[in-house]
Amino acid sequence: MARAHPDVSRARFQRLIGEGQVAVEGRVELDPGLKVKAGQRLEVQVPPPAPAEPLPEAMWLDIVYEDGDVIVINKPAGLVVHPAAGHAGGTLVNALLAHCGDSLSGIGGVKRPGIVHRLDKDTSGLLVVAKNDLAHQALSEQFAAHGRDGRLERAYLAFVWGVPERKQGTIATGIGRSTSNRQKQAVSNRPDAREAITHYEVVETYAGIASLVRCVLETGRTHQIRVHMAHIGHPLLGDGVYGAGFKSSMSKLDDGARFAVKSLKGQALHAAVLGFEHPRNHRKLHFERPLPPDLSHLGQELRLQSGAVRTP
Numbered sequence: 016m017a018r019a020h021p022d023v024s025r026a027r028f029q030r031l032i033g034e035g036q037v038a039v040e041g042r043v044e045l046d047p048g049l050k051v052k053a054g055q056r057l058e059v060q061v062p063p064p065a066p067a068e069p070l071p072e073a074m075w076l077d078i079v080y081e082d083g084d085v086i087v088i089n090k091p092a093g094l095v096v097h098p099a100a101g102h103a104g105g106t107l108v109n110a111l112l113a114h115c116g117d118s119l120s121g122i123g124g125v126k127r128p129g130i131v132h133r134l135d136k137d138t139s140g141l142l143v144v145a146k147n148d149l150a151h152q153a154l155s156e157q158f159a160a161h162g163r164d165g166r167l168e169r170a171y172l173a174f175v176w177g178v179p180e181r182k183q184g185t186i187a188t189g190i191g192r193s194t195s196n197r198q199k200q201a202v203s204n205r206p207d208a209r210e211a212i213t214h215y216e217v218v219e220t221y222a223g224i225a226s227l228v229r230c231v232l233e234t235g236r237t238h239q240i241r242v243h244m245a246h247i248g249h250p251l252l253g254d255g256v257y258g259a260g261f262k263s264s265m266s267k268l269d270d271g272a273r274f275a276v277k278s279l280k281g282q283a284l285h286a287a288v289l290g291f292e293h294p295r296n297h298r299k300l301h302f303e304r305p306l307p308p309d310l311s312h313l314g315q316e317l318r319l320q321s322g323a324v325r326t327p
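The opening residue of the sequence shown carries number 16 in our numbering; numbering runs sequentially from there.
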């Protein structure tokens, strides 16, 4: 069935079989592992997508690329990706429902955009969303491989406290939910911890007080960059969750840089690069977006503290 209808995922067909929506030679079949014979007739009843729980909300989106299969968004800091506790509306999903309208198909039986990866609420940058089942399945496979097969590329820019001892390196640990705070992730060697690998490179340093680093992910764990940089002693500026112990470092900043940090909406992290293989034509797509205004301003103030000349 999946080969005959590539726009519908195997998982979707499997659910339809379990729901009694597939018949073989006129008889409902509930076994997804049934071996069919040549010449047998299969009938599938595909119910219309259920109404989406989130409601469409018209809002401005910074659309980097869009076609019939995918849409790439440059997400601002402060925008939640999908509805959750405390964020029933005003999310990227609500905006996509309004923007895409009837072009969205029934991913998983629900008419909603296919969120295949997420950015934290206070992280800005590039994010791709699937617009149909075929795109959702193909992109999910790429993100599951985390770039190890060469199809997916993700790079982030982050301002961190201090200067890493090594100009470039790899952080490889387990990451799991913190035992002391369920809202946090932590480096862990517990059996339920998941492998996390982050490659980093120092791009710029500021008077030994802070650095701009480029991080490339080999895995995609919740808060991975924030946890890993804090683990090696260099938490992100503006990160009140993983960098609370570095509040004293603010005293080393001059007034301009200190105000720039306090003005941040959250952690100083931006998803600057996103590349993936198009789910339909397999063409490699590559996108880059510079730092948003607040992080760009922070970088300027840190350079001034490092001795750069302020231009009138």
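In short, the hints are calculated from the structure, not lab data. No experiment lies behind these values; they were computed from the predicted model shown. Among these hints, one or two may not hold up.
[To be verified] Derived DMTMM-like pairs: lysine to aspartate or glutamate, alpha-carbon spacing no greater than 25 angstroms straight-line: (1) K50 - E34; (2) K262 - E156; (3) K50 - D77; (4) K262 - E233; (5) K52 - D77; (6) K136 - E40; (7) K299 - E233; (8) K299 - E180; (9) K277 - E233; (10) K199 - D269; (11) K299 - D270; (12) K299 - D84; (13) K280 - E292; (14) K52 - E40.
[Said to hold, decoys possible] Quick list of simulated restraints, FRET-style, between CB atoms: (15) A53 - G105: 23 to 31 angstroms; (16) G223 - Q183: 15 to 23 angstroms; (17) Q183 - K299: 36 to 44 angstroms; (18) V218 - L49: 22 to 30 angstroms.
Every residue, glycine too, gets a C-beta built ideally from N, C-alpha and C.
Here is how each hint holds up against the structure:
Taking the CA atoms of K50 and E34, the gap is near 19 angstroms; set against the 25 angstroms cutoff, the hint holds. Restraint check for K262 and E156: not satisfied, since their Cα atoms lie roughly 40 angstroms apart, outside the 25 angstroms limit. A distance of roughly 48 angstroms separates the Cα atoms of K50 and D77; the hinted pair therefore is violated under the 25 angstroms criterion. With a C-alpha separation of about 30 angstroms, the suggested pairing of K262 with E233 is violated against the 25 angstroms cut-off.
Restraint check for K52 and D77: the C-alpha separation of about 50 angstroms exceeds 25 angstroms, so the hint is violated. At most 25 angstroms may separate the alpha-carbon atoms for a hinted pair to count; K136 and E40 exceed this at roughly 50 angstroms. Restraint check for K299 and E233: satisfied, since their Cα atoms lie roughly 19 angstroms apart, inside the 25 angstroms limit. Between K299 and E180 the CA atoms are separated by roughly 35 angstroms; this puts the pair beyond 25 angstroms, and the hint is violated.
For the hint pairing K277 with E233, the CA-to-CA distance comes to about 31 angstroms; that exceeds 25 angstroms, so the pair is violated. A hinted pair counts as satisfied when its Cα atoms are at most 25 angstroms apart, and K199 with D269 does not qualify at roughly 31 angstroms. This hinted pair does not check out: K299 and D270 have alpha carbons roughly 45 angstroms apart, beyond 25 angstroms. Restraint check: the Cα-Cα separation between K299 and D84 comes to about 14 angstroms, which is no more than 25 angstroms; the hinted pair holds.
Taking the CA atoms of K280 and E292, the gap is about 32 angstroms. The hint is violated against a cut of 25 angstroms. At most 25 angstroms may separate the alpha-carbon atoms for a hinted pair to count; K52 and E40 meet this at roughly 11 angstroms. Range check, A53 to G105: about 53 angstroms between beta-carbon atoms, so the 23 to 31 angstroms window is missed. Between G223 and Q183 the Cβ separation comes to about 18 angstroms, which falls inside the hinted range of 15 to 23 angstroms.
Remark: the range hint 36 to 44 angstroms for Q183 to K299 is contradicted by a beta-carbon distance near 25 angstroms. Between V218 and L49 the beta carbon distance is about 56 angstroms. The supplied range of 22 to 30 angstroms is therefore violated.
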